[in-house]
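Residue numbers (the working numbering), protein chains in the order written: chain A, 1 to 346; chain B, 1 to 285; chain C, 1 to 260.
Since the hints were made in silico from the structure, they are not lab data.
The structure presented is a predicted model; accordingly, all values stated were derived computationally and were not measured.
No incorrect hints appear here.
No farther apart than 27 angstroms at their CA atoms in a straight line, the calculated lysine-lysine pairs in the DSS-like style are these:
#	chain 1	residue 1	chain 2	residue 2
1	A	Lys47	A	Lys296
2	A	Lys242	B	Lys146
3	B	Lys100	C	Lys7
4	A	Lys141	A	Lys242
5	B	Lys274	B	Lys71
6	C	Lys165	C	Lys95
7	B	Lys97	B	Lys176
8	A	Lys266	A	Lys123
9	A	Lys296	A	Lys266
10	A	Lys247	A	Lys196
11	B	Lys59	A	Lys196
12	B	Lys133	C	Lys36
13	A	Lys102	A	Lys261
14	A	Lys261	A	Lys123
15	B	Lys146	A	Lys141
16	C	Lys7	B	Lys202
17	A	Lys47	A	Lys102
18	B	Lys100	B	Lys176
19	A	Lys266	A	Lys102
20	B	Lys133	A	Lys141
21	B	Lys56	A	Lys196
22	B	Lys100	B	Lys202
23	A	Lys266	A	Lys87
24	B	Lys99	B	Lys202
25	A	Lys102	A	Lys87
26	C	Lys7	B	Lys176
27	A	Lys123	A	Lys102
28	B	Lys71	B	Lys56
29	B	Lys146	C	Lys36
30	A	Lys87	A	Lys261
31	B	Lys59	B	Lys71
32	C	Lys36	A	Lys141
33	A	Lys196	B	Lys146
34	B	Lys274	C	Lys95
35	A	Lys87	A	Lys123
36	B	Lys97	C	Lys7
37	A	Lys47	A	Lys266
38	A	Lys196	A	Lys141
39	A	Lys242	C	Lys36
40	B	Lys99	C	Lys7
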Amino acid sequence: MKRILVLILALALSISAFTGCGKKTEELNLYTWAEYVPADVIADFEKDTGIRVNYTNFETNEEMLAKLSAADGGDYDLILASDYIIKIAADEGLLSELDTSKIPNWENIDPIYQGFFYDPEDKYTVPYAPGIPLIVYNPDKVSIEIDGYEDLWDPSLVDQVGLMDTERVVTGITLKTLGASFNTEDLDLIRQAGEKLLELAPNIRMLHQDQTQNALIQGEINVAFLFTSQVALALQANPNFKVVYPKEGLGFGVDALFVPKNAPNKDNAHTFLNYILDGEVGARIATQTYYLCPNKVSYEYLPEEFHNSLMITTEDIPEGEFIQNISSEAEAVHNEIYTAFKAALD
Amino acid sequence: MKPRRQNRIWLTIVPLYLFTIIFVAGPLIYMFVLSFLTRDEVWGVVNTFTLDNYAKILKPVYAQTFLESLKLAFATTLLTLAVGYPFGYFMARLSAKWKKLMMLLVVVPFWTSALMRMYGWIIIFQSNGLLDKLLMGLGITEDPLKLLYSYPAVLVGMVYSLLPFMILAVYSSVEKMDWSYIEAARDLGASRVQAFLTVTLKLTLPGILSGVILVFIPSMGLFFIADILGGGKIMLVGNLIRDQLMTTRDWPFAAALSVVLTVLTSLLIRLYRKITHTTELEGIL
Amino acid sequence: MKKKSFKISNIFLAVLLIIMYIPIVVVVIYSFNASKQTIIWGGFTTSWYGEMLRDRSLLEALRNSLILGLISSAAAGIIGTLAAVGMARVDFRTKGLLEYVSMLPIMIPEIILGMVFLVFFSLLGLPFGMTTLILAHTAFCIPYVYTMVKGRLVGLDRSLAEAAKDLGASEFRVFFDITLPLISPAIVSGMLLAFAMSLDDVVISIFVTGARTNTLPIKIYTQLKTGVSPKINALCTLMLIVTFLLVFLSHKIGKKGTSK
Numbered sequence: 001m002k003r004i005l006v007l008i009l010a011l012a013l014s015i016s017a018f019t020g021c022g023k024k025t026e027e028l029n030l031y032t033w034a035e036y037v038p039a040d041v042i043a044d045f046e047k048d049t050g051i052r053v054n055y056t057n058f059e060t061n062e063e064m065l066a067k068l069s070a071a072d073g074g075d076y077d078l079i080l081a082s083d084y085i086i087k088i089a090a091d092e093g094l095l096s097e098l099d100t101s102k103i104p105n106w107e108n109i110d111p112i113y114q115g116f117f118y119d120p121e122d123k124y125t126v127p128y129a130p131g132i133p134l135i136v137y138n139p140d141k142v143s144i145e146i147d148g149y150e151d152l153w154d155p156s157l158v159d160q161v162g163l164m165d166t167e168r169v170v171t172g173i174t175l176k177t178l179g180a181s182f183n184t185e186d187l188d189l190i191r192q193a194g195e196k197l198l199e200l201a202p203n204i205r206m207l208h209q210d211q212t213q214n215a216l217i218q219g220e221i222n223v224a225f226l227f228t229s230q231v232a233l234a235l236q237a238n239p240n241f242k243v244v245y246p247k248e249g250l251g252f253g254v255d256a257l258f259v260p261k262n263a264p265n266k267d268n269a270h271t272f273l274n275y276i277l278d279g280e281v282g283a284r285i286a287t288q289t290y291y292l293c294p295n296k297v298s299y300e301y302l303p304e305e306f307h308n309s310l311m312i313t314t315e316d317i318p319e320g321e322f323i324q325n326i327s328s329e330a331e332a333v334h335n336e337i338y339t340a341f342k343a344a345l346d
Numbered sequence: 001m002k003p004r005r006q007n008r009i010w011l012t013i014v015p016l017y018l019f020t021i022i023f024v025a026g027p028l029i030y031m032f033v034l035s036f037l038t039r040d041e042v043w044g045v046v047n048t049f050t051l052d053n054y055a056k057i058l059k060p061v062y063a064q065t066f067l068e069s070l071k072l073a074f075a076t077t078l079l080t081l082a083v084g085y086p087f088g089y090f091m092a093r094l095s096a097k098w099k100k101l102m103m104l105l106v107v108v109p110f111w112t113s114a115l116m117r118m119y120g121w122i123i124i125f126q127s128n129g130l131l132d133k134l135l136m137g138l139g140i141t142e143d144p145l146k147l148l149y150s151y152p153a154v155l156v157g158m159v160y161s162l163l164p165f166m167i168l169a170v171y172s173s174v175e176k177m178d179w180s181y182i183e184a185a186r187d188l189g190a191s192r193v194q195a196f197l198t199v200t201l202k203l204t205l206p207g208i209l210s211g212v213i214l215v216f217i218p219s220m221g222l223f224f225i226a227d228i229l230g231g232g233k234i235m236l237v238g239n240l241i242r243d244q245l246m247t248t249r250d251w252p253f254a255a256a257l258s259v260v261l262t263v264l265t266s267l268l269i270r271l272y273r274k275i276t277h278t279t280e281l282e283g284i285l
Numbered sequence: 001m002k003k004k005s006f007k008i009s010n011i012f013l014a015v016l017l018i019i020m021y022i023p024i025v026v027v028v029i030y031s032f033n034a035s036k037q038t039i040i041w042g043g044f045t046t047s048w049y050g051e052m053l054r055d056r057s058l059l060e061a062l063r064n065s066l067i068l069g070l071i072s073s074a075a076a077g078i079i080g081t082l083a084a085v086g087m088a089r090v091d092f093r094t095k096g097l098l099e100y101v102s103m104l105p106i107m108i109p110e111i112i113l114g115m116v117f118l119v120f121f122s123l124l125g126l127p128f129g130m131t132t133l134i135l136a137h138t139a140f141c142i143p144y145v146y147t148m149v150k151g152r153l154v155g156l157d158r159s160l161a162e163a164a165k166d167l168g169a170s171e172f173r174v175f176f177d178i179t180l181p182l183i184s185p186a187i188v189s190g191m192l193l194a195f196a197m198s199l200d201d202v203v204i205s206i207f208v209t210g211a212r213t214n215t216l217p218i219k220i221y222t223q224l225k226t227g228v229s230p231k232i233n234a235l236c237t238l239m240l241i242v243t244f245l246l247v248f249l250s251h252k253i254g255k256k257g258t259s260k
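Work the whole structure out from these sequences, hints included.
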């Protein structure tokens, strides 16, 4: 058995020789979810610029922020994360102002995706993946016509619905059915939503953070509330699926890039931002991530069928409401009703 | 002469002593302190003393999660014992050559990612998945079963991941067992079953108990199994702690939950020591 | 009668073993699936293996994981063994407490351990990366080695060591010539287990890793966001083959050693 260890050591050494940690080169430490920035885009960037990209991953936004504040805004050069967490990071003073003179392609950003709450003056962020979550269902298996969140409560949908396992989204759409905002601070209203949410429990087949569209495609569920990229993937797999713009009101979210305060390689971060804001590169990203394309020059590079499959036009954007940070009391009630909801499942 | 020798032996403990104080006790004291602090409005913690975090655990919603978690942990432990005990027992009775091989075969799955093994179960359990296809192909069922995202699926996943701990714990205590006691019992006229119940079971009790603890403790916290196989519908203390850290950003509450969980598991181990009069766990631990 | 029951027990062992390996076999089979969907069999392909080998970050993650596992299980091996040997011989007031606290890393939910490590390391001003990973992993590897060695020492015949000492052997010689060979199976199995645990850890690693060090489990876990690529199936298959090869080789070498 001792020999196993020796053999593993030999193996590790041979692999390290194989991958080779070479001489000191220009680096870029990119921190985001796995596979969110297409591998071929990174590879081409490395080839074009000679900058080596260290692509490391977090699983949740909160993990990223915990890490970033522990490193006092250092360690990472470029971070791609969600709107609300960028707002927190900004309030914590962990962002570094962008030097747009180093980003000639800055002009390519579609202004409709700028000026949001997390960066009202467009000083810190570059939008990467905007999206509107939508309901998608399989009309062959569902007997009712779905046109809003309210229909998810329909008794005919017992054990057929899949939602994203994101507290504020699930409690949020319940608030919407009550005619309230995602971000209401009215604790009684949130509790009322909690009561209503419990009635949804019998219909829930699964709550997943990711991969919900696969469950829909594979017939595990017949109705799903999906992120934009998942909507596109579901439609790609089965064009018969129906997409619903919930009548109670749309949600909206943006994942954006920012440079942390003490980033070790700020110049390289700017070079990268400029690279992905190129029209052609932007189109390549959008066709692989299946999110909306925040680059107006990219539109001409986007294949026709891609536009059709998404079905979201920029006119819908102003209608969408962000899920924003709320007071800790309201947050605590959200958690309580969501925990109660989860306990009512199974 | 003697004191000097004692001194030298002391040196062997120094690395563990230092490491434990700096890198284990340090972080844990921080956790303990954190459980009495207050969360900041949006991000982080404020240094205001409070007992609210502990009071919050008693709220029905959260207390119920603890209870559910305990229930699942009990079910997992019982099932694991029911399967793992005979396995470990039979394994210990094999010839030396086979024993060694079986040992490796039991441990090797550990070396592949636990996540990928769960992924394997998903492929099998999903609707229209391998099991469904097999059952429908054999004409046993007509429609796809909804096996995934259910309590049984989580239970299978738990038992599957923790079984090796139980097997190795039972195995090592059966291996050490003095068979002459059983022979003696048999000579005195006990049937095989009687001998097993009165002698074997008693002699392997330490192994059983250490297996129980090794299975019970982690089954309270294995949140990713509940997430992946349970479709996010099964809420364990582990999930609750994860959510407090990662979505609600209430770190002090997460710390309080962890402190309670740690105390609970420590009590269990204490109980184990009381019952068995031993200080170390058998098998892997 | 005896023979028959022996057979039934063998069937039980075999069936259970097969069940244990079913999900692993499924993962292996689907590494050859041309379709990314697990519900469809898109035909046989080996292309995922090629893609995997071209994926630099995946290979780097594998290397990091192996190095991390080796160093932390080795460190745990040394610290844990020394302490187990020493603790068996000396008594001191805080012994029970020390033992209890050093065991805590495997009793506390990983996620909170990861979190407190994160905060604590940043308090100490340690740079996040391999160093912090090794420290955290060593912390949860020590209990495995320590308890294994301790268990072995309890069952050990002390008379041999006593006899050697009576014959005038130094403490040092007794340890290396007598105790160490006797406890080495326990050390090795403890370290192997620690290595396996380190190789599989996601939750703690994800908190204490730095900007340049991905580990393999982090890579796999975070991939769930976009879907598990069959590349990972391919990598797991290769790792499995390597594991079996190692086991087989060590078996072979072991046999040669004993026959000589």
